[in-house]
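Heads up: the protein sequence lines correspond to chains Y and S, in order. Take the first sequence: its letter number 248 is residue 247 in numbering that gives the first Met the number 0, and every next letter is one higher. Take the second sequence: its letter number 238 is residue 237 in numbering that gives the first Met the number 0, and every next letter is one higher.
Simulated from the structure, these hints should not be mistaken for lab results. Warning: the hint list may mix true and false statements.
Computed list of lysine-lysine pairs in DSBU-like fashion (alpha-carbon distance at most 35 Å, straight line) [stated by the list, open to error]: (1) K27/Y with K30/S; (2) K37/Y with K121/Y; (3) K49/Y with K44/S.
One side of the interface only, derived from the structure: several residues of chain S facing chain Y at Cβ under 10 Å [stated by the list, open to error]: (4) P57; (5) E138; (6) M142; (7) Q147; (8) I148; (9) D149; (10) A150; (11) V152; (12) M154; (13) A155; (14) N157; (15) Y161.
Heads up, incomplete: computed chain Y residues facing chain S, CB under 10 Å, no partners named [stated by the list, open to error]: (16) R86; (17) M91; (18) M95; (19) E114.
Just so it is clear, the structure is predicted and the values come from calculations on it, not from any experiment. The C-beta atom is built at its ideal place from N, Cα and C for all residues, glycine as well.
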Amino acid sequence: MPPEVKDDPIHVRIRDLHKSYGDHHVLKGVSLDIHRGKTNLIIGPSGSGKTVLMRQLIRLENPDSGQLMVNGIDFAKLEGLNLAAMRRTFGMVFQMSALFDSMTVFDNVAFPLREHTGFSRKEIRERVMDRLAAFGVAAAAQKLPAQLSGGMQKRVAVARAMILESEILIYDEPTTGLDPITTEMVDELIIEAEEMFGVTSIVISHDMASVVRIANYLSFLHQGEIAATGTPEDLLHSEHPATSEFIRASRISLDW
Amino acid sequence: MSDAAPSAPATPEKTSKLRAQARDASEWLAKVFLSPFVEIGALFKLLWESVFWGIRPPYRGRLFVEAMEFIGIGSIFLVSLTAVFVGGVLALQLVDGFRDFGAENQTGAVIGLALAREVGPVFAALMVTSRAGSAMTTELGSMRVTNQIDALVTMAVNPVQYLVVPRLVAGFVMVPVLTMLFNIVGVAGAFFVAVGLLGLDPGVFMDRLKWLVDWDDVSQGLIKSMVFGVAVTLIACRQGFYARGGAAGVGRATNRAVVQSAIAILVLDYLVTSLVLGQGFF
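Next comes chain S alone, as it looks inside the complex (with noise of 0.2 Å):
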């Protein structure tokens, strides 16, 4: 026969209090698990609306061309700066790498196909995101904290078929541009490093880009910029269509708008890659 003391029986108290602990964690739990699916629906929602907004008459051309502008000439710099040196340091790895094997010939091949599959459309996707995604969620999050989205709708004017339908095209228009911009000047960048520093031969370089990449290669990336141009300006304008909370919210919106484009971008590659190679996702 044991001595130990029998233990208290369980109060209401003590049990109503373990069961509210218990509702609060299930519902943590379902709010952390499911979140990424109201997310992802929320998304799916602004843009069937900006589907249907945006082939309804008024069509403001102004808006879009601002929206293009805005978009695409004002990355111009950003991203052949980076292109330039995406594409240097590429030379010189692949340089260095391939000597081992005396196969430094084929760098120029390898740094087309690279750019044109990969790269170019994720590096210049991410350049537009930290660029302009960001500036229009804090842009269309400031109109939403001082009421001007509100004013929008009391002037009957659809705020989705005014701030979100041209910048969505905008997206869908000028990154697969910036795309073919950051390819041209990264393979720039890497002949440069390749032929002007680390002396390979001009003429191969070019022969064996040529002679790997093909239409086919860039289409594939050019695809996949159009489904990330539409991705990142949807989730920025999302993220700031329902800013809430003054100046601290939109900074959080902002804050968010970057992350969720930045794994959006990368997810959706391997989605888009998996599709167009015929490989099955997973």
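Isolated chain Y (complex conformation) (with noise of 0.2 Å):
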């Protein structure tokens, strides 16, 4: 990678998304800066197109229209082998973590290493153990996804996430359905990896509360376009008024 690209403080640019399902236009043009080693929330009410903006982030759907420029290159018009390399850039943690319930959670954080790499078990067995160590579950490597709790489960999926040392990891909804100890932990765990291996954080969420405790860009996605984004004081300082009216809703003031 260039170093005038990896110098550059915006890691990922969206430029004019739009995805329609039929009649339904979902995103109506987004754009948005995605920043570099930073933890980049992407907030909004149900049905405002924050999933549906994470499927095509990832490429799981196909944009419509629009850039994706990650490193330089457009996502979004990647093909083939060239889109399965890029894949590689972006580790994903799905709302409800999505291990492999018939693997044990060592066979789930081996499982890229074993695709992707030509390490040799041992090789495999140091860097999953040292990942799960990281993240405080090496003592459950031996154990199936069924037998963990939420919390524990999420912390697997960011070990997987991240075992191939991928440079942006997507959350979608990390917290929801959990019970606020384990979403604080939740929280806790994002800015551990952001802080351990430096990678960009791309939160997609609902939850007001994990704003003021990780967010350092913040946007507002309102009716399939960026309403606001800025930092979480900009936007809490919004005049925008869908994004005032939320904020007001999740009773999230100045003084956290």
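Grab the two chains, each in its own frame, and use the hints to assemble them into the complex.
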């Protein structure tokens, strides 16, 4: 990667992204900058298009038009082996963790290494156990995902998403349905991942409590468009009616 | 001159309502008649993707072995159990029927022919559908609705290559093996009933069977079973792979997979038999 790309503070540039399903126009020209090495939150009410945006970001679906510039390459235009190679830039943590339930925790985390590297068994073992230890779940290595709590499953999912040393981690609604203590734990996990490994985090959420704890940059998605973007403080002062209404309804104040 | 009052002129609201109803009815009719073709098209698309990804590395031998074990080894007991009773009941019926005109000595020959050409491949495929096909749909459907298939994509692993190809190959290889097992156990069940219970001469039973049934009959059944093996695993994988709507959606997908597989086996049986015998389709 050329140094000018590596030093670019904007890791992902999303420009005029559109996505429709039949007559339903969900993303209506989303433009957004994702900051390198920071935690970027995308918030918005249910039905605003957050999950659709996430699915375009990781190319689980193809956008109708627009650009997804990642390290200077338009990810939206890639196909075949180039697309597969580019996908390794991203790690994805799904809402329900999406761990392979037929595999142990160890095998889940080892899976990307076995698929994409020629590492020996010993090397894979060392790397996986190191990563599990870093996230505090080494003792659960031989357990099945169903035997873990929601918080531990999230930790394993983050360890798996990061095992190929991806530059960008995307979290889809990471705290939805979790109790307040586990929610705080997951928020700390996102910060840990960023601090320990310098990754760029993109968090799709509607949980404003998490916003004030972890966000470096915040964008508000409303009816398929970015209504406001900036630091959390910028958004808390936003005069955009839907943004201020969402924040007011979340009962978040500046004195956090 | 009629006294009847003239009918009220159609209002614009009434006309547009009628038009909407006509449109709904035509859309419903199109959906009903076109959906089988859409489904068949989707199956061929998945088959093409499977061939495309199946010939490309990496080749994950462990997944192929696991799928063969699941479809083949896991079905041995069920296939054997049904084969014993199918062979037995065929013997009961044929000995009883043939006795009316003194032809019970032909029982072994007819049972051998029926098993090798028709009963073996059809029943083995139906048993694989009911045990392995439904389980495959449920497993892939659960993976779909819990984002495990999406997770594979995000880890740059092609899900067709990883999940569908090993199962298709296993179906292609193991359904013929199970068909041979069905044939052998079915003949054994028929022999036990015809000779052991109904008093037919064992030498005559086996002699007539060997006289009538040759390799062409067995190979006809094996060709069919290969086609059935691909069809039932393809249908099971397609339904699971594209399942939607949570646990209820997975249940509906499994139901569709079993029904479609059973129909496909019987329709393909007719088509392949017509081709093999050179009789034309209709």
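To see whether the hints hold, each was checked on the structure:
1. K27/Y with K30/S: Distance ~31 Å between K27/Y and K30/S Cα, so the pair holds.
2. K37/Y with K121/Y: 33 Å, holds
3. K49/Y with K44/S: With a Cα-Cα distance of about 31 Å, the restraint between K49/Y and K44/S holds, given a limit of 35 Å.
4. P57: Nearest chain Y Cβ about 8 Å off; hint holds.
5. E138: Holds. Min distance 8 Å.
6. M142: 8 Å, holds
7. Q147: 5 Å, holds
8. I148: OK, holds: I148/S within 10 Å of chain Y, min 9 Å.
9. D149: At 6 Å from the nearest chain Y Cβ, D149/S passes the 10 Å test, so the hint holds.
10. A150: Where the cut-off is 10 Å and the nearest Cβ of chain Y is about 4 Å from A150/S, the hint holds.
11. V152: Hint on V152/S: holds, closest Cβ of chain Y at ~6 Å, below 10 Å.
12. M154: OK, holds: M154/S within 10 Å of chain Y, min 5 Å.
13. A155: Hint on A155/S: holds, closest Cβ of chain Y at ~4 Å, below 10 Å.
14. N157: 8 Å, holds
15. Y161: Where the cut-off is 10 Å and the nearest Cβ of chain Y is about 9 Å from Y161/S, the hint holds.
16. R86: Interface hint status for R86/Y: holds (4 Å vs cutoff 10 Å).
17. M91: 4 Å, holds
18. M95: 6 Å, holds
19. E114: 5 Å, holds
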